[in-house]
Amino acid sequence: MPIVRVSIGRRVFAPSWLMTLLTVALAVLFVRLGQWQWERGAHRAAEWEAFARGSDQAVPLASQPLAALPRFQRIATRGSFDAARQFLLDNRSYQGRPGYEVLTPLRLPEGRTLIVDRGWIAFTPLASRAAWTHSCRALTLT
Numbered sequence: 002m003p004i005v006r007v008s009i010g011r012r013v014f015a016p017s018w019l020m021t022l023l024t025v026a027l028a029v030l031f032v033r034l035g036q037w038q039w040e041r042g043a044h045r046a047a048e049w050e051a052f053a054r055g056s057d058q059a060v061p062l063a064s065q066p067l068a069a070l071p072r073f074q075r076i077a078t079r080g081s082f083d084a085a086r087q088f089l090l091d092n093r094s095y096q097g098r099p100g101y102e103v104l105t106p107l108r109l110p111e112g113r114t115l116i117v118d119r120g121w122i123a124f125t126p127l128a129s130r131a132a133w134t135h136s137c138r139a140l141t142l143t
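The opening residue of the sequence shown carries number 2 in this note's numbering; numbering runs sequentially from there.
No lab work stands behind these hints: they were computed from the structure. Remember, predicted model here, so these are calculated numbers, not experimental data. The C-beta atom is built at its ideal place from N, Cα and C for all residues, glycine as well.
The calculated label-pair distances, taken between Cβ atoms and stated as ranges, are:
| no. | residue 1 | residue 2 | range |
| --- | --- | --- | --- |
| 1 | 83 | 123 | 18 to 28 Å |
| 2 | 99 | 22 | 48 to 58 Å |
| 3 | 120 | 54 | 18 to 28 Å |
| 4 | 31 | 57 | 36 to 46 Å |
| 5 | 16 | 38 | 22 to 32 Å |
| 6 | 39 | 72 | 18 to 28 Å |
Let the sequences and hints guide you as you build the complete structure.
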């Protein structure tokens, strides 16, 4: 049995109770999904703000543990790269081009090791270690 009956020209609109309840349920669901997307966008904006705050100035790492630093904090430290353990993280794209992220362990003077993202390099069919291995001398990074 229809809830309401509306005639428009020769057509008659007469939705059943089931279709009306389904429509109301879907409307509530879509409003809730819209709120979820809004909250997700606000969370993403907060993450970008935290990232921007962390990159304002570099904090000397010294001997403090990384867990004591705020998330996304830029650090300054001294050490040397371990080229023998350097690796390429593939399936990364930059400006629509395929390539790799170069990740290299940095050995600190006190013996700890940090992984440093040294940037992106373009894909080559025969990527060889020699093409992306650099000097391992001691240096200061920020």
